[in-house]
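Construct the complete structure from the given sequences, taking the supplied hints into account.
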Amino acid sequence: MLMASGEILTHKRYGDAYHSLTIVSPEIGEQARPGQFVSIRLREDSAQILRRPFSVYRMHKRGGWASTIEIVFDIRGAGTRYLSQLRAHSTIDIVGPTGRGFVMPKRRAHCLLVGGGIGAAPLFFLADELRNEGHRVDFVMGARTSGLLLNPIDVRRLASVYRMTTEDGSQGDRGRVTDVLAETMERCGTEVVYACGPHPMLAAVSEICMERETPVQVAVEELMACGYGACMTCVMPVRRPPKRGEDPADAVVYARACTDGPVFNGASIVWHGSGTEPVAADQQELTPANVAVRDTGLDEVEDEHAPPGN
Amino acid sequence: MLMASGEILTHKRYGDAYHSLTIVSPEIGEQARPGQFVSIRLREDSAQILRRPFSVYRMHKRGGWASTIEIVFDIRGAGTRYLSQLRAHSTIDIVGPTGRGFVMPKRRAHCLLVGGGIGAAPLFFLADELRNEGHRVDFVMGARTSGLLLNPIDVRRLASVYRMTTEDGSQGDRGRVTDVLAETMERCGTEVVYACGPHPMLAAVSEICMERETPVQVAVEELMACGYGACMTCVMPVRRPPKRGEDPADAVVYARACTDGPVFNGASIVWHGSGTEPVAADQQELTPANVAVRDTGLDEVEDEHAPPGN
Amino acid sequence: MARTKADLTTKLAGLDLVNPVLVASGTFGAGREGSHFVRLSELGGVIVKSMTLTAWRGKPTPRMCETPSGMLNAIGIQNKGVDHFISEDLPWLLKRDATVVASIAGNTVEEFVKVADKLRTAKGVAAVEVNISCPNLEDRNDMFAHSPEATAAVIGGVKEALPRMPVFAKLSPNVTSLTDIAAAAVEAGADGLSLINTLMGMSIDVESRRSELAGTYGGLSGPAIRPIAVRAIHEVHSAFPHIPIIGQGGVMSALDVIELMLAGASVVAVGTANFVDPTTSVKVIAGIADYMTRHEIASTAELVGAVKLEG
Amino acid sequence: MARTKADLTTKLAGLDLVNPVLVASGTFGAGREGSHFVRLSELGGVIVKSMTLTAWRGKPTPRMCETPSGMLNAIGIQNKGVDHFISEDLPWLLKRDATVVASIAGNTVEEFVKVADKLRTAKGVAAVEVNISCPNLEDRNDMFAHSPEATAAVIGGVKEALPRMPVFAKLSPNVTSLTDIAAAAVEAGADGLSLINTLMGMSIDVESRRSELAGTYGGLSGPAIRPIAVRAIHEVHSAFPHIPIIGQGGVMSALDVIELMLAGASVVAVGTANFVDPTTSVKVIAGIADYMTRHEIASTAELVGAVKLEG
Ligand SMILES: Cc1cc2nc3c(=O)[nH]c(=O)nc-3n(C[C@H](O)[C@H](O)[C@H](O)COP(=O)(O)OP(=O)(O)OC[C@H]3O[C@@H](n4cnc5c(N)ncnc54)[C@H](O)[C@@H]3O)c2cc1C
Ligand SMILES: Cc1cc2nc3c(=O)[nH]c(=O)nc-3n(C[C@H](O)[C@H](O)[C@H](O)COP(=O)(O)OP(=O)(O)OC[C@H]3O[C@@H](n4cnc5c(N)ncnc54)[C@H](O)[C@@H]3O)c2cc1C
Ligand SMILES: Cc1cc2nc3c(=O)[nH]c(=O)nc-3n(C[C@H](O)[C@H](O)[C@H](O)COP(=O)(O)O)c2cc1C
Ligand SMILES: Cc1cc2nc3c(=O)[nH]c(=O)nc-3n(C[C@H](O)[C@H](O)[C@H](O)COP(=O)(O)O)c2cc1C
Ligand code: FES
Ligand code: FES
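Protein chains in written order, with my numbering: chain S, 1 to 310; chain F, 1 to 310; chain V, 1 to 311; chain Z, 1 to 311.
Treat the hints with care, since some could be wrong.
[Said to hold, decoys possible] Using 30 Å as the maximum straight-line C-alpha spacing, the simulated DSS-like pairs for lysine-lysine come out as follows:
1) S:Lys-243 / Z:Lys-118
2) V:Lys-5 / V:Lys-308
3) V:Lys-5 / V:Lys-123
4) V:Lys-114 / F:Lys-243
5) F:Lys-243 / V:Lys-118
6) S:Lys-243 / Z:Lys-114
[Claimed, not checked] For the chain F half of the interface with chain V, some residues (derived, Cβ under 10 Å), not all of them:
7) Ser-46
8) Gln-48
9) Ile-49
10) Trp-65
11) Met-224
12) Val-235
13) Arg-239
14) Ala-267
15) Trp-271
Think of the hints as simulated: they come from the structure by calculation, not from any bench.
Keep in mind the model is a prediction, meaning the values are calculated, not measured.
All residues carry an ideal CB built from backbone N, CA and C; glycine is no exception.
The following block contains the structure:
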């Protein structure tokens, strides 16, 4: 993780709604791993002072050229509107790559990637890397409507099996990714699920995986002020192993999405506790966050970035 | 005075330091008079929320085309930096034309225009109009250094007699406009002086004119929040005729530079009272501001915009 | 979705306003200046610049400076006095069908009461806002709005002079307990509260090492303070749910008006935004109607204090 | 012009700092997070996230929202407790030659004193900042910094536990009279003051009609509040010119640091700006030196309170 300036190489569009910026920033590009993100500063004189986080959508290494990263986004507010107006040769200020990315399977595995809307962004970089390492990649992609499916052409190219769902039925199955998930897992012999999208979707995907005892890694999006572990705004309630005699309901810590995540074990997140419902407002003794992905043939997440100040 | 959007037609440079924007905004352009100004809004999401005021430097009416106004400015802070980055076809949000402009002589007169630095901006529009109405125009223009003289080529074109001064002697006389003012007035038979520039210069010019009993109109630049008479931030201490039995030192009102000015009778301004020295902090009964230009063959300034709420 | 045209008419302490959008005192002159851009009868009301018993000259310049997403001002209530208001501004405003809220200020309780007295006989004033919180007067400790007792004294006196007129106490956010001051105002007879006035601030030009304001301290306004206004309104509305509030502080858009109303304001005044865009007040009216239609809200009263809080 | 290299070393309540720039509590973690971007030994000091007697889980999410030129936070002092600080963070920081200021918080005077007790024996803490002003705890009325008595009780207790340690009381700007609270802290033995902490604010998402923070109210920070910080520092420094002040509030640039020092701060802590640009603290150091050279100022002490006021 470092701060660097990046030059915009290209500004593209995907589908109706998505913008893409390919950014030349060699140091950040070379370090980036799937699931990590970058935080981009808006204008110096902007009334919006905070950086905006974006998943690394793609990393491009090109022969003798400086490696680039690509981000994709839709316009939600002033920040993304500003970014959508940037053109080639503009310079932006980036911090990254940040966070713990997806854990790759230790041995050859059948991997199912589940994405909703723009949330699918980090799955493309992941798919590239999984395939590079010889794993099988399948895809379930959903969106409200066909124009909001992120880069379906590449999904088809990357996936052995793919399913698309749209809520209005304009492409693929009518419905949501969770409607076809179990069936697709069955059909593909899925050994690990990687998911990214809105929280309710991630909660439902995690639920289904837990029922089937399939390991599931999710990349979450929480509001972030600092984006590098300093402020404690971006926390997710995560279960840790209860201490001796402790009520498991109390064995919940607030782990930082930015540096302890954004990739978490979907089975360890207390889903109903994020967002608006408090987990438990009382203040009690805690131990360091334990956010390990359940041991299922996947690497254990190492704790070297364990939250120090929390 | 109205709010309108304007399209930038051209962005030019004058000398080393000055930017010029020519703006298509027919309603504002058609109403503008020399000495008036326009207030330009910066970006919507800027941390700098207030508009920036700029004198109308030139007004161009072109045959069947929409009339345009031109402003010139140097880069002082975030606002002018933003404006300096605008290119043709950008749209800006303008309020104007605002304020009481220069009062034109009632009868043919020898007019001397005195400008310092970028402050000379409104004198060009004034010179165009004075000449249109058949008056003689002479010019004294000063700046720190030759590159900061505003458009000297046009000064030469517009003036019967002109003098340039630079503090470093890089062009014209070494020194300040006030060093050559009396001499130029003498030589040109000056009947009225129009001045614009920094306050200390305007104070000195007014002083010299008062000594010679020559009418002097000055266009001031005060910090402005609203720019249309509503907020009372931009006031200048101006002498009004004392009431019966009143100490003349008390007969001072704070008149708004934006709508009672920006052009004032230089002889009626309490120069030492503007800026940092308070005129009199006590609160006392006041009558409406009287900012008439001394009757000297020039039109009386009408009081129809007399400050209502003050 | 069934879309009915939103009804923007709003009740405020017995008054019927065409909509809940006013302009804040000191930010639209006496209405005349703003009328270049806005038809004043289209507003819920015009709160004029604070008026005092005699004309006040105000403070020396510089009187303002820009700050991040805001500005500081130290005007010192430059105004021509209540008599000038009654003889010149009020008739002009009434001719244009404006709903006029007279803001009054003073240095002593007596001055406030005398101004109120003069307004009693002036026909056409819809309501009075009592500016006990202007932070720009010479002595900070003299600010009425900093003490429950002084607040009660002014409001009690004004209310006695104007028993039939809706009287709003305009409070300062620069206090430890806004609800204590609000309680004092309400007990003294205030029909409503107006909040917030500006926050006390300062800015220094580092090159000259001088305060950017001749008056050293000034009042901070603009979008920067909106979160403070929302909190203050919510706090006071929660404590006194039946007291109408004129919300103000940092409103720039229709959604900002809605935000202040959800926090507890019955109506909202646009202040500094008038400088940024003098048509803000009329622009937000359309946006409010749009929001109400979108959310199927039939009357503005439904918005007041309607924020949903957790558990 | 003769240009000597500016001397940035700064005295603060008996400490010798390499320069007057610190990072503010809660905005740079325990230093470890910030150390990706900044060499901590290059800073005047690192004020770590407030620590409590036992670990605190903090508030539910959402814990922050952006506001014009600022942000609101309601973290609830999530931290792992003083023991974890002493065993893990402190050694790590000292190994990197950081000057460590320990920020302490609590819900009772006793808790504060117990934390202070533990720090007495911990080698290497340079100073303690007592966060009596965190506006994010559950009950607003419990905020120590709102009452001179409670302020005195906490500071007195902490000072008794740490007689040899420079102790700074961190005050809240949400009060009617900051000088009253400052007086209480100074009389109770505070070696210095730290101001300002955040201002209490609120923000509502108008579409969901919910508070943008799970904790309803939160603390406003960032450039939006700088004018409040400058005023608060100036007010307190004018009243207590010999009490050193750690200035904080909205600092983004070297000139902002200078502004707070001219108002009366001996040193300045960078807070929210660390989120905007994590290298802000080191970047401003060069800018301060440049300003001092330009203005021929030999030592940072000359800047403190050096604003020139009118008449
Ligand atoms: C780790 C991470 C990775 C992300 N990756 C992507 C990505 O690849 N592509 C993409 O389009 N977006 C991504 N986001 C979300 C993106 O950061 C927000 O869309 C962006 O910050 C909105 O900025 P804005 O100024 O346009 O909108 P704002 O005006 O700030 O907000 C508009 C709306 O978006 C919501 N929002 C704002 N910030 C976030 C956030 N951090 N997370 C979720 N919702 C938010 C707000 O609550 C609000 O409703 C990611 C967020 C995180 C935390
Ligand atoms: C009636 C009027 C007419 C003007 N005409 C011109 C013009 O034709 N060309 C031109 O270049 N400038 C003109 N100015 C000044 C111009 O408005 C300022 O230069 C501009 O607002 C600075 O904005 P900024 O954001 O770049 O600088 P800021 O960061 O806002 O300020 C930078 C510096 O400029 C000073 N400044 C800011 N605003 C003003 C102001 N309103 N008046 C004087 N000084 C100011 C500040 O005190 C500060 O020292 C005029 C001002 C007025 C009031
Ligand atoms: C330049 C200026 C002058 C003001 N004058 C007055 C005044 O005379 N009386 C008053 O009660 N409030 C006055 N105010 C305060 C505003 O009415 C309003 O309460 C405050 O600015 C907060 O709203 P805003 O952030 O929308 O501006 C003034 C504010 C500004 C900016
Ligand atoms: C996310 C966040 C967390 C904070 N946590 C603490 C804290 O734990 N203890 C404390 O004393 N101040 C805390 N503060 C307040 C800051 O230290 C600082 O006083 C305040 O933010 C004003 O400075 P700024 O505007 O530069 O941020 C926190 C501020 C923010 C934004
Ligand atoms: S965003 Fe600051 S800790 Fe995660
Ligand atoms: S700038 Fe507002 S009255 Fe002149």
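Handout entry: List of violated hint numbers, smallest to largest
Key = 3, 10, 13, 14 and 15
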